[in-house]
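**Student:** In order, the protein sequence lines correspond to chains A and B. The first sequence begins at 1 in my numbering and counts up one residue at a time. The second sequence begins at 1 in my numbering and counts up one residue at a time.
Rather than coming from a laboratory, the hints here were simulated on the basis of the structure. Note that the structure is a prediction, hence the values are computed from the model and not measured. Some clues are possibly wrong.
It does not matter which identical chain is used: a pair holds within one copy or between any two.
To be verified - Straight-line Cα separation of at most 25 Å, SDA-like style, residue types lysine to any residue; simulated pairs:
{"id": "1", "residue 1": "62", "residue 2": "76"}
{"id": "2", "residue 1": "124", "residue 2": "84"}
{"id": "3", "residue 1": "126", "residue 2": "80"}
{"id": "4", "residue 1": "321", "residue 2": "142"}
{"id": "5", "residue 1": "124", "residue 2": "83"}
{"id": "6", "residue 1": "311", "residue 2": "194"}
{"id": "7", "residue 1": "68", "residue 2": "84"}
{"id": "8", "residue 1": "173", "residue 2": "202"}
{"id": "9", "residue 1": "68", "residue 2": "85"}
2 protein chains.
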Amino acid sequence: MITCLAGGVGAARLLVGMQEAYDRDEINVIVNTGDDTEMFGLTICPDIDTIIYTLSGNSNAKTGWGLKDETWNVLERLDQLGGSTWFSLGDKDLATHLFRTELLTQGQTLSQVTQLLASRFGLKVKILPMSDDRVRTLLRVDPFEVQKQLGENFSTFLKGDYISFQEYFVRLKHSIAIKSVRFDGAQMARPAPGVLGTLKHSSTIVICPSNPIVSIGPILAISPIVDILKANRHKTVAISPIVNGTALKGPADRMMIELGHEPSVVGVARIYREYCDTLIIDNSDRRYISQVEELGIRCLATDTIMSSLDKSVELCNYLLKNAITE
Amino acid sequence: MITCLAGGVGAARLLVGMQEAYDRDEINVIVNTGDDTEMFGLTICPDIDTIIYTLSGNSNAKTGWGLKDETWNVLERLDQLGGSTWFSLGDKDLATHLFRTELLTQGQTLSQVTQLLASRFGLKVKILPMSDDRVRTLLRVDPFEVQKQLGENFSTFLKGDYISFQEYFVRLKHSIAIKSVRFDGAQMARPAPGVLGTLKHSSTIVICPSNPIVSIGPILAISPIVDILKANRHKTVAISPIVNGTALKGPADRMMIELGHEPSVVGVARIYREYCDTLIIDNSDRRYISQVEELGIRCLATDTIMSSLDKSVELCNYLLKNAITE
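If we strip away everything but chain A, and leave its shape as in the complex, we get:
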């Protein structure tokens, strides 16, 4: 059994290979829920959905988010009504959010709903939210920067100087600098049922190539998870989401700089050093191997750019062959 810590798109690219490379029934994925948001009264879990959509072959390859063969009837109408449309909700995607919200309203936990949703999408891989408790990633920004971009919507937007992850990522297209990150609720959040057990009993723990700050960060903000990870450092391997100084997708590199990290595999290694025995980096970063190893992390270089399913499977095979030390 292996367990993967995952954010959204980067993780999904790895996991879609992993379910070819490894027994699907034996893969557990612990997913970040700090990105979750409530919009229009609906509970939206972008990372969980990205992973379920991708692993079930339903993701939209063109956009990189949402479902394939999507339609936009509701959003078009909402736009006509003058409603808020910065968060693009497709019709099929909306059905996911309605399904989830209805069951949550009836008292089911996020774990239970996620399990059910994954099974309805035909997944064998087990998807676990990191917690059933509410954790929200908040980013501290310069309010004047926000005002400059959003104008009069400003007043309904800020919580102090903090904005939600979706506001930062989708509404502001991660175009402004962040000053700090807070994982609201993480201190009190309990790991979802199964999370600690699967970390303990897996032969390998994989930290997917997701944004270390806002995708893996929220998972690492939950103390009981951190304790288990530290105790199981010997079997944990991370794949660097930073290749040659840049994030393949999203603002991970810029966020790292803004928060004082080095935007390189060395910076990634520093963030993960307490949790990781091994860091897999891209061949183009070979020059950093000694610097990473000086931090006490085994460093392996291979081709980590998953431009196709085959590449992803190759990377997973490499990981499984080289990282499992038992």
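Assemble chain B onto chain A, guided by the hints.
**Tutor:** Leaving out everything else, chain B in the frame of chain A:
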């Protein structure tokens, strides 16, 4: 200025004529919100929506509810996921609920959101929810009857022996007998801003031909509204929703029988006698005129069956000519 008390479809049929027969800017409509429901986390106001959709020319003439030119992409997908689909949500209709719920979540009142929504649909008639506070119509039923119809869904369905109006009306297709009605929250509910003022200052108050029990009943369960109505009985005229012993639409006749009322214009007159100076009945009910007048209500007979817009306008002209006594 006139003020109309309204439920859903029956009221909408009258009001669509009223906005032809009377100055639109001078028509205020106080709408039942006891039918409102929360589904999938969304706040749904069936009566408000029916009236806005109908008065703006957007209602679906075939179904009698929802919007014209509707599509069903979300619901079809929700059905594939195994979600709950007994409440038929069209894509365009969903946009209304998303729009409303988002603004309510941001702290706007139901009155404010309703005003905005009505203006986005181009209405001049003013639509007022009866209250911004939560009132919910609950119907006491025989749990075994519900179980017989819904089988295993039973356990998530009942609140004691009470079911919500939408569960009764839509999910069970009003096919089971009711034992009593309760308007949860009505005792504490305050009339929405403008409601008492418009009742006081209107030259005529019209009780639309809506279900007296569950459409007008919730409005009559709010004490300050009742007090104003009683004080203005002299200018209030009702149109009977019961014609020749049956409801033209919906279960009003059966509900009246089940709750011990006579299913006739006389039964309607008894329910409204404290609030109404005049009851307009259909020509086919002329035989009841003396019985109604014995209750101290002026009784006028005309053609009340609104099979077309022209018929509706005619009825409104008749009402305005005969009912305004000033």
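**Student:** Work down the list of hints and note, for each, if the structure agrees.
**Tutor:** Each hint tested on the structure:
Both within a single protomer and between protomers do residue 62 and residue 76 lie at most 25 Å apart by alpha-carbon distance, with minima of 20 Å and 24 Å respectively. Taking CA atoms no more than 25 Å apart as the test, residue 124 paired with residue 84 passes between copies only; the shortest distance there is 24 Å, against 36 Å inside one copy. Taking the closest pair of Cα atoms, residue 126 and residue 80 come within 25 Å of each other only across two copies (21 Å); inside a single copy the shortest separation is 40 Å, beyond that limit. Neither within a single protomer nor between protomers do residue 321 and residue 142 lie at most 25 Å apart by alpha-carbon distance, with minima of 46 Å and 64 Å respectively.
Only between protomers do residue 124 and residue 83 lie at most 25 Å apart by alpha-carbon distance; the minimum there is 20 Å, versus 38 Å within a single protomer. Taking CA atoms no more than 25 Å apart as the test, residue 311 paired with residue 194 passes in neither setting, with 30 Å inside one copy and 65 Å between copies. Taking the closest pair of Cα atoms, residue 68 and residue 84 come within 25 Å of each other both inside a single copy (23 Å) and across two copies (23 Å). With identical chains, the CA atoms of residue 173 and residue 202 are never at most 25 Å apart, being 37 Å at best within one copy and 51 Å at best between copies.
With identical chains, the CA atoms of residue 68 and residue 85 are at most 25 Å apart both within one copy (20 Å) and between copies (23 Å).
Hint check: violations occur at hints 4, 6, 8; the rest are consistent with the structure.
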